[in-house]
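> Here is how the chains run, residue by residue.
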Amino acid sequence: MTLTEIIDSFKTKLDPSKIMNSLEKAASFNAESENDSEGNDSREDLKINPYNNSGNDSAKSSNAIRISQNGEDPLIKLTDVWKIYQMGEVEFAALKGITLEIYEGEFLVVLGPSGSGKSTLMNLLGCLDIPSKGKVCLNSKDISELDESELALIRGQMIGFIFQSFNLIPTLSTEENVLLPLEFQEEDRHISRQKAAYLLDIVGLTDKKKNLPSQLSGGQRQRVAIARSLAVNPPIILADEPTGNLDTKTGDYILGFLDGLHEREGKTIIIVTHDLDIVKYATRVVYIRDGEIEKIEKRTKNEPEGLK
Amino acid sequence: MRNSTYLKMGLNMLLHSKLRSWLTIIGIVIGVGSVIGIVSLGDAMQASIQSELAEMDLTKITISPGYTKASSNMHGPPGMGGGGTSTDAELTDDDIDALQGLDSVQYIAGEISGSEEVKYTGETATLSITGVDPQVWKYMTTLETQSGRLLEPADKYVAVIGSGIASETYDHDIGVNQVITVNNKSVRVVGILTEEGMGDDSNIYMPIDGAVDLIEDAQEDVYDSITVKAKSEDLVDGLTEDIEKRLMVSRHIIQEDDRDFSLTASKSMAESVTEMMSSMTLFLGAIAAVSLLVGAVGIANTMFTSVLEKTKEIGTMKAIGAKNRDILMIFLFNSAMVGLVGGILGVILGSFVSSGLQAMMGSDMTGGGSGVRISLMFEGLALAVMIGVISGVVPAYRASKLKPVDALRYE
Numbered sequence: 002m003t004l005t006e007i008i009d010s011f012k013t014k015l016d017p018s019k020i021m022n023s024l025e026k027a028a029s030f031n032a033e034s035e036n037d038s039e040g041n042d043s044r045e046d047l048k049i050n051p052y053n054n055s056g057n058d059s060a061k062s063s064n065a066i067r068i069s070q071n072g073e074d075p076l077i078k079l080t081d082v083w084k085i086y087q088m089g090e091v092e093f094a095a096l097k098g099i100t101l102e103i104y105e106g107e108f109l110v111v112l113g114p115s116g117s118g119k120s121t122l123m124n125l126l127g128c129l130d131i132p133s134k135g136k137v138c139l140n141s142k143d144i145s146e147l148d149e150s151e152l153a154l155i156r157g158q159m160i161g162f163i164f165q166s167f168n169l170i171p172t173l174s175t176e177e178n179v180l181l182p183l184e185f186q187e188e189d190r191h192i193s194r195q196k197a198a199y200l201l202d203i204v205g206l207t208d209k210k211k212n213l214p215s216q217l218s219g220g221q222r223q224r225v226a227i228a229r230s231l232a233v234n235p236p237i238i239l240a241d242e243p244t245g246n247l248d249t250k251t252g253d254y255i256l257g258f259l260d261g262l263h264e265r266e267g268k269t270i271i272i273v274t275h276d277l278d279i280v281k282y283a284t285r286v287v288y289i290r291d292g293e294i295e296k297i298e299k300r301t302k303n304e305p306e307g308l309k
Numbered sequence: 014m015r016n017s018t019y020l021k022m023g024l025n026m027l028l029h030s031k032l033r034s035w036l037t038i039i040g041i042v043i044g045v046g047s048v049i050g051i052v053s054l055g056d057a058m059q060a061s062i063q064s065e066l067a068e069m070d071l072t073k074i075t076i077s078p079g080y081t082k083a084s085s086n087m088h089g090p091p092g093m094g095g096g097g098t099s100t101d102a103e104l105t106d107d108d109i110d111a112l113q114g115l116d117s118v119q120y121i122a123g124e125i126s127g128s129e130e131v132k133y134t135g136e137t138a139t140l141s142i143t144g145v146d147p148q149v150w151k152y153m154t155t156l157e158t159q160s161g162r163l164l165e166p167a168d169k170y171v172a173v174i175g176s177g178i179a180s181e182t183y184d185h186d187i188g189v190n191q192v193i194t195v196n197n198k199s200v201r202v203v204g205i206l207t208e209e210g211m212g213d214d215s216n217i218y219m220p221i222d223g224a225v226d227l228i229e230d231a232q233e234d235v236y237d238s239i240t241v242k243a244k245s246e247d248l249v250d251g252l253t254e255d256i257e258k259r260l261m262v263s264r265h266i267i268q269e270d271d272r273d274f275s276l277t278a279s280k281s282m283a284e285s286v287t288e289m290m291s292s293m294t295l296f297l298g299a300i301a302a303v304s305l306l307v308g309a310v311g312i313a314n315t316m317f318t319s320v321l322e323k324t325k326e327i328g329t330m331k332a333i334g335a336k337n338r339d340i341l342m343i344f345l346f347n348s349a350m351v352g353l354v355g356g357i358l359g360v361i362l363g364s365f366v367s368s369g370l371q372a373m374m375g376s377d378m379t380g381g382g383s384g385v386r387i388s389l390m391f392e393g394l395a396l397a398v399m400i401g402v403i404s405g406v407v408p409a410y411r412a413s414k415l416k417p418v419d420a421l422r423y424e
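Protein chains in written order, with our numbering: chain A, 2 to 309; chain B, 14 to 424.
If you are wondering where the hints come from, they were derived from the structure by calculation, not from laboratory data.
Even for Gly, the Cβ is constructed at its ideal location relative to N, Cα and C.
Every clue listed holds true.
With a cut-off of at most 25 Å between alpha-carbon atoms, the simulated DMTMM-like pairs for lysine to aspartate or glutamate come out as follows: (1) A:Lys78 x B:Asp419; (2) B:Lys416 x A:Asp81; (3) A:Lys136 x A:Glu149; (4) B:Lys416 x A:Glu149; (5) B:Lys73 x B:Asp107; (6) B:Lys416 x A:Glu151; (7) B:Lys416 x A:Glu177; (8) B:Lys73 x B:Glu246; (9) B:Lys31 x A:Glu177; (10) A:Lys134 x B:Asp419; (11) B:Lys416 x A:Asp143.
From the derived model, a few chain B residues whose C-beta atoms are all more than 12 Å from chain A: (12) Asp56; (13) Glu136; (14) Tyr152; (15) Glu157; (16) Asp168; (17) Gly177; (18) Asn196; (19) Asp222; (20) Lys258; (21) Glu284; (22) Leu297; (23) Ser304; (24) Phe317; (25) Phe365.
Among the chain B residues that face chain A by a calculated CB cut under 7 Å, a handful are: (26) His29; (27) Ala332; (28) Ala335; (29) Lys336.
Construct all of the structure, not just a fragment, from the sequences and the given hints.
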């Protein structure tokens, strides 16, 4: 299977019109739960959904292999993955033989204390790094065999990143930040702008589209980051401590938004965190400590922690 | 990513690191400015020399007595390059006769010269007098009169004087038909030359027959120099060789060491002046290029700092889909932009510097100032952009090769 086929196979899983509806629902959710945003009262005007176009590239190949949701074919599969860092003459293993399968439509929380190797794990899941030993397979394709530009293509089209410190480009406006992933994919300018406008509306930042990140609050910045991560409509959202730099209320909003994406979009959400509170959104929790998986716990959403 | 996006991102980077970018740009401004300034000044000087040369008669070959080995390569006059000069050599009618038969010769004439006291209305000044052959002088000289006439064949104790003598040397201006006294002999002024801005302005030209009587130590049929005019400029080189051969024979010189005359072709003099001018321009240009090089190092330095500073952003961009090429191009466009802005300002500065220098040096040196060539402006701009790109290559390549995971971790 070629790389494009792999990417297409993920994209075909998402029905564009479904995305539209759910995003709009998420928007109304946003209006209720986020109190630091102004100008969110124009929800009804949200009529044009650029992701709903028939010409959208996300439905390109109909014959691409579909991944079933029954858990038989994992989206991401890690087999005995090691990540070893050379620190002077000493070798340090950040990950020690991780084996893990992540399925489409999961809300996976990787939970562990700092230094447990969870960020290293996220880097591998996000194709930002390759393992020292073992295999990381995305739709059965070993990422170690891909070159940098192929990895960039996977990151750009399949994975939406949300970082703890937002990682917005400080010299670009809110709108330009959201447009950036589309620019990397050379999306048509007109459609790009429609998509950015749509996403900014969803996260309630239409009135801030010309602002620089430095002119936004932490919560607003993370909302821009979420809009950016959704720009190319990726099947996987990968978030590294997304609420780490936010107050509880804003954090809850962000998680609620991600939960909405999972519930209504069927997007695969992977959150790497040390925050136990996030576990309540998860369908599965991977406990990691000292570079090893301590235990994996299947959950039902919103089930109180400790009852399991 | 599209080129227009690279351009936008590059410009965005430039605009958001104002102070550092401007400091870098200043380096390029100074570099490009000085290159443009110096090259266009050189252009102007060369143009003025060329126009001066155009007025010069390039068909003239001057024979002078004496020979200096050091000057043999350019057939220069004696005493120019040091070394031993053969003495007691004279140029006479015999030499003129020896050269008469040469095909390429149009005119040939002997000249004598000396400095004598010249009186006018009670004032005395020491002026140089040149005795020329009135038969051919008016055909051979490029000088023109502002009033009166040039010398005629029948003239003897008459003079054509330079404009400086006429209007500056004495308290009273000398006019045509007025009489000056040279060595107690009255000489009538028949013509006043137009201003040349060179030695001719303070020279007196007389028929050689009269001048022999007035110039001390001058002898009949003995010349201080013989001027040969070739039929055309193309024949000058051949004629120079022919003259040399003929004179060697007629003066019974067998060995090069015994040679006692020199040839100076105004054409070769003109060539060496032009050559000197262009090497001077080249030399000054090279000095200016050094400042441009310093500017280039400045861009590279800024770019390295910028890459370091933007490491995390590079990581973020790679995480959201930027390919290595995208990062490379963004940084290259940024450094090209630094070069471009520096180039534009440099061209403006260079034009000011050039016209300022031209004004300072006066119109004599630069032919009245011709400004900066449009092509030079574009060359300057292209050079600046090229320097920007070249200095940006290594930092941009480094940025593009950053591993996304390392770049994201960078604090």
